[in-house]
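Trainee: Position chain B relative to chain A; hints supplied.
Line by line, the protein sequences give chains A and B. Positions 1 to 501 (the working numbering) are the ones given, in order, by the first sequence. Positions 1 to 496 (the working numbering) are the ones given, in order, by the second sequence.
Hint data in this document are derived by calculation from the structure and do not stem from the laboratory. Check each hint, because a few of them may be wrong.
[What the hints assert, rightly or not] Some, not all, of what chain B presents toward chain A, calculated at C-beta under 10 Å:
| hint | residue |
| --- | --- |
| 1 | Leu346 |
| 2 | Leu389 |
| 3 | Phe407 |
| 4 | Leu434 |
| 5 | Leu486 |
The beta carbon of each residue, even a glycine, is placed where N, CA and C say it ideally should be.
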Amino acid sequence: MSQAWLPLATLATSLLVVPLIFALPERAWRMRTALNLSAALLKVVLVALMVWGLYQGESYRFSFTVVQGVTFLFQVDALGLMFAGLSSLLWLATTVYAIGYLEDSPNRKRFFGFFSLCVASTIGIALAGNLFTFLLFYELLTLSTYPLVVHRGHAKALDAGTTYLRYTLTGGLVVLLGVVALHVMVGDVTFGEREMLADLGPEAHGLLTVLFLILLLGLGVKAALVPLHGWLPRAMVAPAPVSALLHAVAVVKAGAFGIVRLVYDVYGIGLTYQLGLLTLLAVIATVTILYGSMRALAQQELKPRLAFSTVSQVSYIVLGISLFGPFGTIAGLVHLMHQGLMKVTLFYCAGNYAEELGIHRIDQLDGAGRRMPLTSIAFTVGALGMIGLPPVAGFISKWYLGMGAVQANMPWVILVLVASSLLNAAYFLPILYRLWFRPGPAHGVGEWPQERRLGRFETSGWLLWPTVSTAVLSILAGLLAGLPFSPLDLASFVTAEEYTP
Amino acid sequence: MIDRLGLLAPYATHLSDFSAMMLVLGLPVLLGVLAACWQPRRSWPIVAFSLLPLMALAWLSFRVLPQGGQTWLIELGSLTLQWRANGLTLLLLLLTQVIVLSSAAYAPAYLREEIGSKGQQVWLWPLQGILAASLSLIWLAGDLLTLYIGLELMGLAAVGLMLLPGRVDALAAGMRYLLLALVGSLAFLLGIALLLGAWGRLDLVGLALAAKPGVLLWVAVALLSAGLLLKAAAFPLHAWLAPVHASAWTPVSALHAALVVKGSFFIVLQLWLVLVPEARVAAWLVGGLGGAAVIWGGLLAWRAAKLKDVVAWSTVSQLGYLLLGFSLLIGTTPSVAEVAWEGTWLQLAAHSLAKAGMFLATGNLIYSTGESHVRGLAGASRRMPLSLLSFGIAAISLIGLPPSAGFTAKWLLLHASLEAGYWPWIAALALGTLLSAAYIFRVFRYSFVEDAEPLDYRRVPWSMELFALALALASLLLGLVAEWPLMLLRAAGGGA
Numbered sequence: 001m002s003q004a005w006l007p008l009a010t011l012a013t014s015l016l017v018v019p020l021i022f023a024l025p026e027r028a029w030r031m032r033t034a035l036n037l038s039a040a041l042l043k044v045v046l047v048a049l050m051v052w053g054l055y056q057g058e059s060y061r062f063s064f065t066v067v068q069g070v071t072f073l074f075q076v077d078a079l080g081l082m083f084a085g086l087s088s089l090l091w092l093a094t095t096v097y098a099i100g101y102l103e104d105s106p107n108r109k110r111f112f113g114f115f116s117l118c119v120a121s122t123i124g125i126a127l128a129g130n131l132f133t134f135l136l137f138y139e140l141l142t143l144s145t146y147p148l149v150v151h152r153g154h155a156k157a158l159d160a161g162t163t164y165l166r167y168t169l170t171g172g173l174v175v176l177l178g179v180v181a182l183h184v185m186v187g188d189v190t191f192g193e194r195e196m197l198a199d200l201g202p203e204a205h206g207l208l209t210v211l212f213l214i215l216l217l218g219l220g221v222k223a224a225l226v227p228l229h230g231w232l233p234r235a236m237v238a239p240a241p242v243s244a245l246l247h248a249v250a251v252v253k254a255g256a257f258g259i260v261r262l263v264y265d266v267y268g269i270g271l272t273y274q275l276g277l278l279t280l281l282a283v284i285a286t287v288t289i290l291y292g293s294m295r296a297l298a299q300q301e302l303k304p305r306l307a308f309s310t311v312s313q314v315s316y317i318v319l320g321i322s323l324f325g326p327f328g329t330i331a332g333l334v335h336l337m338h339q340g341l342m343k344v345t346l347f348y349c350a351g352n353y354a355e356e357l358g359i360h361r362i363d364q365l366d367g368a369g370r371r372m373p374l375t376s377i378a379f380t381v382g383a384l385g386m387i388g389l390p391p392v393a394g395f396i397s398k399w400y401l402g403m404g405a406v407q408a409n410m411p412w413v414i415l416v417l418v419a420s421s422l423l424n425a426a427y428f429l430p431i432l433y434r435l436w437f438r439p440g441p442a443h444g445v446g447e448w449p450q451e452r453r454l455g456r457f458e459t460s461g462w463l464l465w466p467t468v469s470t471a472v473l474s475i476l477a478g479l480l481a482g483l484p485f486s487p488l489d490l491a492s493f494v495t496a497e498e499y500t501p
Numbered sequence: 001m002i003d004r005l006g007l008l009a010p011y012a013t014h015l016s017d018f019s020a021m022m023l024v025l026g027l028p029v030l031l032g033v034l035a036a037c038w039q040p041r042r043s044w045p046i047v048a049f050s051l052l053p054l055m056a057l058a059w060l061s062f063r064v065l066p067q068g069g070q071t072w073l074i075e076l077g078s079l080t081l082q083w084r085a086n087g088l089t090l091l092l093l094l095l096t097q098v099i100v101l102s103s104a105a106y107a108p109a110y111l112r113e114e115i116g117s118k119g120q121q122v123w124l125w126p127l128q129g130i131l132a133a134s135l136s137l138i139w140l141a142g143d144l145l146t147l148y149i150g151l152e153l154m155g156l157a158a159v160g161l162m163l164l165p166g167r168v169d170a171l172a173a174g175m176r177y178l179l180l181a182l183v184g185s186l187a188f189l190l191g192i193a194l195l196l197g198a199w200g201r202l203d204l205v206g207l208a209l210a211a212k213p214g215v216l217l218w219v220a221v222a223l224l225s226a227g228l229l230l231k232a233a234a235f236p237l238h239a240w241l242a243p244v245h246a247s248a249w250t251p252v253s254a255l256h257a258a259l260v261v262k263g264s265f266f267i268v269l270q271l272w273l274v275l276v277p278e279a280r281v282a283a284w285l286v287g288g289l290g291g292a293a294v295i296w297g298g299l300l301a302w303r304a305a306k307l308k309d310v311v312a313w314s315t316v317s318q319l320g321y322l323l324l325g326f327s328l329l330i331g332t333t334p335s336v337a338e339v340a341w342e343g344t345w346l347q348l349a350a351h352s353l354a355k356a357g358m359f360l361a362t363g364n365l366i367y368s369t370g371e372s373h374v375r376g377l378a379g380a381s382r383r384m385p386l387s388l389l390s391f392g393i394a395a396i397s398l399i400g401l402p403p404s405a406g407f408t409a410k411w412l413l414l415h416a417s418l419e420a421g422y423w424p425w426i427a428a429l430a431l432g433t434l435l436s437a438a439y440i441f442r443v444f445r446y447s448f449v450e451d452a453e454p455l456d457y458r459r460v461p462w463s464m465e466l467f468a469l470a471l472a473l474a475s476l477l478l479g480l481v482a483e484w485p486l487m488l489l490r491a492a493g494g495g496a
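Bound-form chain A, shown alone:
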């Protein structure tokens, strides 16, 4: 057990904050803010330490036996750290954002308590070293998200919460069945011990295929693969920070991350390829990408459009995995990070428009670029990145996806990419056009639905700076992709581990 304390401390930073927040009285605003921010900062530092250690060749492991044959295992690897890094970085930004967003609204104590619990779960998911531990935090994430989805407490939010639970609890149950069945077959599967299943021989292949499908079905709920995506657009009734962090990053990514683990670290890409499951993944991803984009096109409100765009974009990750070869893998993994950065920016912007100007519908956005220039620039960066224009990070993802498609000898995937990029452009460009080129209330035409002057700048600083910084990060991740510690570098590191026997 070398250096077991570091992963534990990382988990503890957000887990221990939870009882503290619940113990503080509702009105202890300053104390709570200080606690939240310092924990978030500390966590970024700890994750950075682990990234540094990993590059130095350190290994971090912590385990204990839960019942005979089942262990709780934390194990730090590059893939897990990518996810941990993403979630801790965005937690910091979103905490700042949420403090501004929820100012003067009721039940803030409850909100921040469960918010921290959510982040603790995502860290647990990232550091989990076997399927049992993964499942533990995967379910904890479901539970801790529910109070956030129903936070507003009106009928629509409550209904969305019920739908959310129906989908995710059933999905979790299916995952549980799959994990237990795998456990009965081969015992505890530590991530990275791919030979355990590969060594079972051809007679086990039928059963392994079935189990893969069961696990994919369960994980696909959170990853919002079509047709299991129904909860995501409805969960958009949650407050903006929740939509941003949880439904753009934590929850859907937990599902996608689970699928990545399943393919690379449990079955191994070789075995998955042998079983012919990669083609199936590619087809599911294609359907999801195209369907999500079409539905996004049909939405009249900003947040649902972004939600369907998430459905579509998260499947790029799955598509990348399904392309056999290093480039496909890099594309999938790097998009895990890039999509998170860009989508969170877009959701922050949507929240800013709603808070400052009361805008919820896309046709109300006319001329908002003049009234809120920084927010609108951030939105533009995110949108262009989603379409895949350089130098924003999304370009790197699409570039590698294309190369992966060639490498895997699946040229039709390039067609899918082109079609999806066109669709992305079709649902994002009209928004950009409205923002920048249509005259609106800022030009003296009509008026904003509900304007509030929240701050010195175009809106409150708490809302503005996280938005700007994630937008800047999206550009930097694309511009500096070749430097060490960039998402691309980490993804290549993981891929090198995967493909060298």
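Mentor: Coordinates of chain B only, in the frame set by chain A:
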């Protein structure tokens, strides 16, 4: 299997072992009587004095565990009673003491604030003591006579506890329960008489050797099981359970749901393992009843309008899991039975802790809002998060979500069912999970309603909050440290 029950443990030779056991049995009664004389007004004296039986239990464990188990022969004239202790017994004794302690410590504030001067409060204490002692007797008993005595004592104490509120509806419920307990006992007694007549002995080890399969054995086992399953509220003999809780005091409900029904289950399981260990088909039938209980109990809990009914019906559903485990233990391969053995006991412990915690939390919710309906909780999440949190934590274990003990137990039961190839059981476990999530989140859905009219909230005394939370947390954390109690079970090998 019989060695796992510790029935083959070596005989005790030291007097000190015997006195340790008598202390474990006698101290709860003694403390109960003392508490009746000087009624406790606060929780801390109860906690302090309850350390005594816990210390006696520690002493007993210290004597028993190094040898894996121990048996005592007690001669009373021409009667010979046989008692035994092993890892499993010690675990159940500990569970009993912890839950009785928590509900007793919950009581002073509850009586003072909620009950006032109504009812027969004095009797609460000695009856709780008798209940603890009779349960301990059931866990320790190695012969049918002791089992019968323990069962009767437990039933009578439970009836007494239910009559305490002194109101007409409590009286009716208590009398109904008494009638039913008597019917159950009668069936049990008939079964014993048949066994005694046929083989002339009552000790379980002897019966295991002497009993020959045949019509007589089957009739006897059927009678014994029917009586006990009625008392254990097993489907379809469960209808009495929810009305009983409606008028009972909160700590009494907690005790009843957490421990009393488990006593009968324990006896049934033990008798089957001893008398008909290979009865695969019959066990299937019981398991089928368990599956039906899981689903039917879940559905009724989902539909229930009153908060206490939700919790009570959930007991029916959770007992179904135990019956599923039951069928995985009898007539299956050793590797399946081993996993199911651990899963069953863990499920029993998980449910006891979680259900006791949930009943106490429910009592707090009802106390605080003055509403007994689920609907009355609208908007509650704004005002009393701690009781609601305790309720939620206990619920995590009941639904079987990680990291709770309920989850680990379900994992083991699923494991055993898959290995045995009992596919319908897997479906029952899965459906049970979804149904329990449905009835739990129905309660939470109301609590999150934001535009409800504000109710008059009463502040819940901290000791009531504390013990509900402690039990709930215990059920949650037990899931991660499950290896520790399960190690005790494994060390329980008899002749080793």
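Trainee: Which hints, by number, does the structure contradict?
Mentor: Those not satisfied: there are none.
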